[in-house]
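My request is simple: use the sequences and hints to build the entire structure.
Take the position in the sequence shown, starting the count at 1, then add 3; the result is the number in our numbering.
These are computed hints drawn from the structure, not numbers from a lab.
For every residue, glycine included, the Cβ atom is placed at its ideal position computed from N, Cα and C.
A couple of the hints might just be wrong.
As the list claims (entries may be wrong) - Using 27 Å as the maximum straight-line C-alpha spacing, the simulated DSS-like pairs for lysine-lysine come out as follows:
1) K72 x K62
2) K62 x K178
3) K72 x K24
4) K24 x K62
5) K72 x K29
6) K32 x K62
What the hints assert, rightly or not - Simulated DEER-style distance windows between Cβ atoms:
7) D41 x T88: 25 to 31 Å
8) F112 x E210: 57 to 63 Å
9) G262 x E64: 27 to 33 Å
10) R155 x F248: 15 to 21 Å
11) G201 x R155: 52 to 58 Å
12) F248 x T298: 38 to 44 Å
13) T232 x T159: 50 to 56 Å
14) L103 x Y45: 15 to 21 Å
15) S251 x T88: 25 to 31 Å
16) S111 x A68: 29 to 35 Å
17) S194 x N286: 25 to 31 Å
18) E210 x G241: 22 to 28 Å
19) S151 x F112: 32 to 38 Å
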Amino acid sequence: VAGPGISSYADDPAGAGASLKPCLDKAMKIVPAEQQRDTPTYLGATAGMRLLREENSTKAEQVLAEVSKAIGEYPVDFRGAQILTGSEEGSFGWITVNYLLETLVKFSFAERWEHPQDTEVLGALDLGGASTQITFQPGVPVQDRNTSVFFRLYGTNYSLYSHSYLCYGQTQALKMLLAALHQASSSAQISHPCYPQGYQENLTVAELYDSPCVRAPSSASPGLVLTVTGTGDPGACGTAVQRLFNFSCGAQRPCGFNGVYQPPVRGQFFAFAGFYYTFNFLNLTHQQSLSEVNTTVLSFCRRNWTEVRAL
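Here it is, written out as structure tokens:
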């Protein structure tokens with residue numbers, strides 16, 4: 004689907020439905036006409052809509068109603084539109100990754116579908132715009148049932164750990180970073196180490212703090228114009244980003260970050276969505292070494308705005 008997600012149509016719910024039509028039109032060309040009415044169709048909204056529901060549940064319901072109306076106009080077996088929980092989002096991503104990589108079921112040389120023997124399932128790392136998910140099969144029992152997921156797929160049982168970090172998607176995390184830099188500044192001039200040197204943009208306090216993920220200082224005037232200037236400092240950028248995370252777990256149990264329980268990670272992971280888009284842009288999707296990745300990232304982050312804009 005081209006353009007922003009359906010949560011961006013909070014003030015134009017009908018636009019959310021219209022935004023799906025090119026995708027649905029394409030689907031109708033792919034699914035044979037005689038099978039369309041028997042094709043189960045679902046819409047699962049993710050973290051952007053979870054945030055909108057927190058901010059304005061009425062607008063969230065209006066958006067869902069409009070996308071349901073749009074899908075209902077097509078000759079498919081529409082089963083409904085709903086906002087997925089973070090655990091559901093992470094779990095469905097895990098199933099998709101492992102299905103596509105044939106770790107769940109595989110068509111054998113004997114020409115039948117079989118569960119692959121001695122094949123480890125992969126963990127899934129999903130970076131969205133408003134949240135990020137981690138889902139994997141741990142080597143120990145999951146202690147927190149809120150993060151425990153059970154599936155039976157193709158005759159095999161899977162007990163997984165899954166958690167979604169709301170506000171830690173790419174868009175919202177960058178907003179939290181800018182808010183932190185603003186609150187550390189004594190003026191309306193904000194130096195941003197993660198933006199290229201020479202880059203500059205203006206935005207109001209109201210625009211910066213327009214999300215439940217960031218809270219404006221009580222002294223901030225909504226109409227105040229902030230000027231953000233890039234300094235292109237990778238070291239300072241890394242430090243600023245790291246401050247968004249609390250990696251302190253305490254002695255009680257292992258955690259990921261911000262005190263969220265997480266058993267020790269196990270096995271290989273497949274990172275997709277925002278992780279892939281970023282690494283693909285940097286041409287780093289061909290199993291380059293970690294040192295090569297770090298070198299490429301540092302080199303890019305040191306480029307000025309004129310160089311970046313020319314890419």
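Status of each hint after checking the structure:
no.	hint	result
1	K72 x K62	15 Å, holds
2	K62 x K178	22 Å, holds
3	K72 x K24	11 Å, holds
4	K24 x K62	20 Å, holds
5	K72 x K29	18 Å, holds
6	K32 x K62	32 Å, violated
7	D41 x T88: 25 to 31 Å	28 Å, holds
8	F112 x E210: 57 to 63 Å	59 Å, holds
9	G262 x E64: 27 to 33 Å	32 Å, holds
10	R155 x F248: 15 to 21 Å	35 Å, violated
11	G201 x R155: 52 to 58 Å	55 Å, holds
12	F248 x T298: 38 to 44 Å	24 Å, violated
13	T232 x T159: 50 to 56 Å	54 Å, holds
14	L103 x Y45: 15 to 21 Å	18 Å, holds
15	S251 x T88: 25 to 31 Å	26 Å, holds
16	S111 x A68: 29 to 35 Å	46 Å, violated
17	S194 x N286: 25 to 31 Å	29 Å, holds
18	E210 x G241: 22 to 28 Å	26 Å, holds
19	S151 x F112: 32 to 38 Å	36 Å, holds
Consistency with the previously given hints fails for numbers 6, 10, 12, 16, ordered from lowest to highest.
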